[in-house]
Amino acid sequence: MNEVISSIEPASSNSGLLAHYKAMRRIRTFEDRVGELYLRGESAGSMLHLSIGEESAAVGVSAAMRDGDTFTTHHRGHGIFLARGADPDRMMSEIGGKASGYCSGKGGSMHIADMTLGHLGANAIVGGGIPAVVGAALVAKRRGKGNVSIAFFGDGAMQQGILYESMNMAALWNLPAVFVCINNQWGMGTRIDQATKATALHERAASFGLNAETVDGLDVLDVVDAATRIVDGARAGTPGFLAVDCFRFFGHGRKDKSPYRSEKEEAEGRAKDPVLHARNLLMDQGVSEADLNALDDAVSAEMDATIDFAKASDEPDLSSMFRDVFAPGEPEPEPVQARIDRVLARE
Amino acid sequence: MNEVISSIEPASSNSGLLAHYKAMRRIRTFEDRVGELYLRGESAGSMLHLSIGEESAAVGVSAAMRDGDTFTTHHRGHGIFLARGADPDRMMSEIGGKASGYCSGKGGSMHIADMTLGHLGANAIVGGGIPAVVGAALVAKRRGKGNVSIAFFGDGAMQQGILYESMNMAALWNLPAVFVCINNQWGMGTRIDQATKATALHERAASFGLNAETVDGLDVLDVVDAATRIVDGARAGTPGFLAVDCFRFFGHGRKDKSPYRSEKEEAEGRAKDPVLHARNLLMDQGVSEADLNALDDAVSAEMDATIDFAKASDEPDLSSMFRDVFAPGEPEPEPVQARIDRVLARE
Amino acid sequence: MPKLAYRDALKQALNDAMREDPDIFLIGEEVGRYGGAYGVTKGLIDEFGVERVLDTPISEPAIVGTAVGAAMAGMRPVAELMYVDFLGMTMDQLCNQAAKIRYMFGGQIGVPMVLRTQGGTGRSAGAQHSQSLEAYVMHTPGLRLAMPATVYDAYHLLRQALKQPDPVVFIEHKSLYAMSEEVDLTVPPPDWGKAAIRRQGSDLVIVSYSRQVHYALQAAEELAKQGIEVTVIDTRTLNPLDFETIRKEVEKTGKAMVVSEAAMTCGVAAELAARITEECFDFLEEPVVRVAGEDIPISVSVALEKHSVPTPERIVDTARKMLA
Amino acid sequence: MPKLAYRDALKQALNDAMREDPDIFLIGEEVGRYGGAYGVTKGLIDEFGVERVLDTPISEPAIVGTAVGAAMAGMRPVAELMYVDFLGMTMDQLCNQAAKIRYMFGGQIGVPMVLRTQGGTGRSAGAQHSQSLEAYVMHTPGLRLAMPATVYDAYHLLRQALKQPDPVVFIEHKSLYAMSEEVDLTVPPPDWGKAAIRRQGSDLVIVSYSRQVHYALQAAEELAKQGIEVTVIDTRTLNPLDFETIRKEVEKTGKAMVVSEAAMTCGVAAELAARITEECFDFLEEPVVRVAGEDIPISVSVALEKHSVPTPERIVDTARKMLA
Ligand SMILES: Cc1ncc(C[n+]2csc(CCOP(=O)(O)OP(=O)(O)O)c2C)c(N)n1
Ligand SMILES: Cc1ncc(C[n+]2csc(CCOP(=O)(O)OP(=O)(O)O)c2C)c(N)n1
Ligand SMILES: [Mg+2]
Ligand SMILES: [Mg+2]
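Residue numbers (our numbering), protein chains in the order written: chain A, 1 to 347; chain B, 1001 to 1347; chain C, 2001 to 2324; chain D, 3001 to 3324.
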């Protein structure tokens, strides 16, 4: 038990349910904390999208991944990044726009990335991160180390044309690419059946020649199984598509109260709680509530600390503003102020 | 027989084979003539794409259309426009970049249009004309006159994402929209199976909820039947997709010798000649070769005349250059020369 | 006089225009049930129904393309792009189709559509949700471009845009939505394409548009305290551009500054500076100075974001140097 | 010295670079079996195989996005956009992704890709195949932009582009592909980002790039006969822009003309004119004159097309008026 509590290694496909539970709990708790930070107006960014309710997608697919695999996420990608082993402190401070964050405070929640973990980047453009995995998969195939590249996106992105162009190329070239649609039923205030007549999402991918499945996200072990099939298929040269059915527990943004959803739908949706479901399964399997509470507390403590870390971190220095537009060593763009001063100081 | 020869009305779904044959023959002959004009360097435009081999798609689908229906075409759309009743003289002079052309010489082969016939425009952007039919279908539905809007495009456009966005919207809103893919097997030097693994093109459309079929273009009557099913379905509120299998007889452009195609493929492809096929059927049905020759001669004469018309037409006047950027009555953009002169004549 | 918010003036304009013209309809993401990401279209779906307020899938290229087709077929669509930052997905339909159709087809038909969108900084929305991309539009022949700075203009420029025979890109500023002003909408508007002189001074002319007009006016207040009187011109539209008003004012003072939130290089400020210089050269005592956005992406960091675009302080400082 | 065509110099550059760097690969429509719409990549697929010369479906957005991902994953893609006119479909991937990734991610990674494309008039290819869209690129922070005018530069600028750590948009001119020049490629190239003085004169400086450099040189020949000596600067790259060379020359003559095929309003000519004016104001005897493309779409009509962009005649005429 203890080593599970202390470990923050990404759970693998043969980790037990307890490890998956912990991975999901860490996401749930992180999102709770970042939501509070945001509501207190202490996070940078006017937009914050929580993945609460989608933890099994992040953890289940992550379990089918291995070192060297790369991935892109969308605007609701905290969970996936955590499942892949992200440092929650540096995540929290990046979301807070602090210099100690993953992207030195320049990216924030929607543009977080970490090359060392294969995270090629979150994206604020719906569908924007999808084609990059085709390129990364192309390279993975060249390098021949058996790695895959996975794009994570929401059901709303199913209506972006670039997804079909990307899946077609991946199929044409037999690339180790996987397209994971986290179907939380909603895209802002639009329910999936208000965005398309074709709600059996995997059928579209199948029509382009990919291995395609839809899995219910309630039980993380089901997601692990389906993801393992799809991801292993991709490693073997047939790109795949996986839709994970779940529910967006909160609003689109943390402040959105989802007035467009009925009480009934909210209640039914929240009933499909993958974290609670795993917890109950564990208790059925004889894990004591005390142990689970201990684990939850340890996770809470870990995540509370991220807030302190973020608060204690500095804002980025203004001198960093012109850095990173181009590579180190390249001249930085001339600041407008410098131009003005030179122009006016000419005499 | 004679009235058929003299009429250039678009053939309707209950016109006999003879009318369809004539419509196809007119396309074939027009394309022959414009090809000659081009090879002699007398047409404007460095690009000319002939629809020879695709006549049954143009005529067959056109037969399922009626007055008030609108359509967009692609860069190989002469045949469809002719089938809808275009004046070949004004087509030829437009392709020649002459003032007497449909677009006053500004558009040419790839940007020809005629609002009076519902032709919302050819397009030099592969897939560029597809979403416009969703908008036109939206309007047709509002107006309630039972009209449809049809997008014609090639197999290469099947790999453009905007097609899927457009089909999805048409399905979502039950629009009278039809998507016709003229599958001539090639996109420039890329055979369809080199552009996608999913060569059963209609399956993709079906996965988005459209009525979708593929029909062999050899026999124009088969195309008429399939097109009538699909188009009538669209009039009834279920958008449709039709792939017409055919072969691109010439190169991508008239000067392209298609070195990337084998002798064998060329021969087999050209054997699938919808015009010859219809002619033979007519003879089997007892139409005399003499009558058919007479018809062909009449068509040749008509098309020869288009060349003379185009040649006799004037180049557009330079004064027309700044016209039509904005609506009549709006100030025209200031010519660069006028700006320069004003700037330098300031003292 | 009643106070009205920029956001509500836009809604009012849509509401009034839709009642007048049955061919106007809205099409875009979240414009209906959700009421628009910034609440501009809230309630319109109840007023006009799903037939005239179309919530779409997330398919920007097809949304703009659908509007193009609907406009050609005789209606007057108002397509909404939630953020101007998404323009990059739609520029083929906007610039190769909408902008060129009248010309390519020899004047047979126009594309009377309005593309409503919003841009600019101020919400710490990051590099892909904070841009000012009006230069892409202004550079494209065949497109009109309006960028309202005031509540009054939010209403009247949108009403006028909805009467144009050609495609209009209408760019709102995300930081102005909540701005309220006392305004009498019954005052007849200036002609479409006319600039407005927001403040009259004798020392320097500042030419701007959208949110930066307010920064220029704040700067003008401060400068007045220091004895410097500036004229502030709000171009209101960038295509058509009312250059005559700019010329007259610049010829009076001989000094001009252009202020734009867009990246400086090849931006709107470059065009305005080049145009003023070539047309008013003999009157200029100083080079036209560009106070524009930095040539960098916008950070999510509040601190970095703020300094990525012009500030009232920089406008004041620059004006003082120009008059030193 | 051997004669080499612009088209073949480009192929040579790709060939040499691909032999040197195994991580370079080509990806685009018809770049392989067909050899490129204008024949630039002909034969490279035989030389390097389908693994390094990838023919793609017609999916511009995904082609650019794939290149972005491959570049981030450690290779060096050369994506081809058959016509710069198709940029509109790809600007999200190019401008929101490729251009901003290094910055958004705090410098963790760059996107060392080259987007090869071609633009300009001269083939009566119509409104959607004849544009000069470099201003969209120049206005976007994070992108490099190279536009070779000579055979030598076609080779060396492409070789240098293939060594850049950041995304480079490389725009060829369709009317230059067949141009042959006697050229010694072994002469070491100027540093990346340095402008070239193509002709030295004392009366007027003409700043240009790409095909218009040749029009400027033709005009200079003619002007010389009339006793007017002009300096012709070829910027070679627009980002980085070698302004120092421009400044030095303009300060010598006090007169400058910028020549660009792109539409005038908000175009590259606007930026160059604004920049020259603000930096060289006290040296200018005349306003910087913009000889640019008309603010209209390009017609398929040969006659209209020719007059939609600058001609040597107009450059000559304008120079004479400037010196009158
Ligand atoms: C190209 C683009 N269009 C629209 C938006 C605005 N937007 C942000 S998230 C979102 C909904 C996305 O829904 P979905 O893909 O299901 O993801 P979810 O929010 O449910 O996780 C929209 C419309 C955007 N960011 N990018
Ligand atoms: C967006 C875009 N990409 C590429 C091209 C160049 N191009 C013109 S036609 C063509 C092939 C199109 O093939 P298909 O759709 O099958 O039509 P076909 O030529 O066979 O009629 C290509 C690649 C273009 N005009 N537009
Ligand atoms: Mg969703
Ligand atoms: Mg084809």
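Treat the hints as calculated values from the structure; they're not laboratory data. Virtual Cβ for every residue (Gly too), placed ideally from N, Cα, C. Fair warning: there could be bad hints in the mix.
Said to hold, decoys possible - Some chain C residues well away from chain A (every beta-carbon gap over 10 angstroms; in silico):
id, residue
1, L2185
2, R2314
3, K2321
As the list claims (entries may be wrong) - DSS-like mimics (lysine-lysine), calculated; alpha carbons at most 27 angstroms apart, straight line:
id, chain 1, residue 1, chain 2, residue 2
4, B, K1141, C, K2306
5, A, K255, C, K2163
6, C, K2225, C, K2042
7, D, K3042, B, K1197
8, B, K1255, A, K197
9, D, K3321, B, K1257
10, B, K1311, D, K3306
11, D, K3321, C, K2321
12, B, K1264, B, K1197
13, D, K3042, B, K1255
14, B, K1264, D, K3042
15, C, K2306, A, K255
16, B, K1257, B, K1272
17, A, K264, C, K2042
18, B, K1197, A, K145
19, B, K1141, A, K197
20, B, K1255, D, K3306
21, D, K3042, C, K2248
Handout entry: Violated hints, by number in ascending order, as checked against the structure
Key = As far as the earlier hints go, 2, 3, 4, 5, 6, 8, 9, 11 and 21 are violated by this structure, in ascending order.
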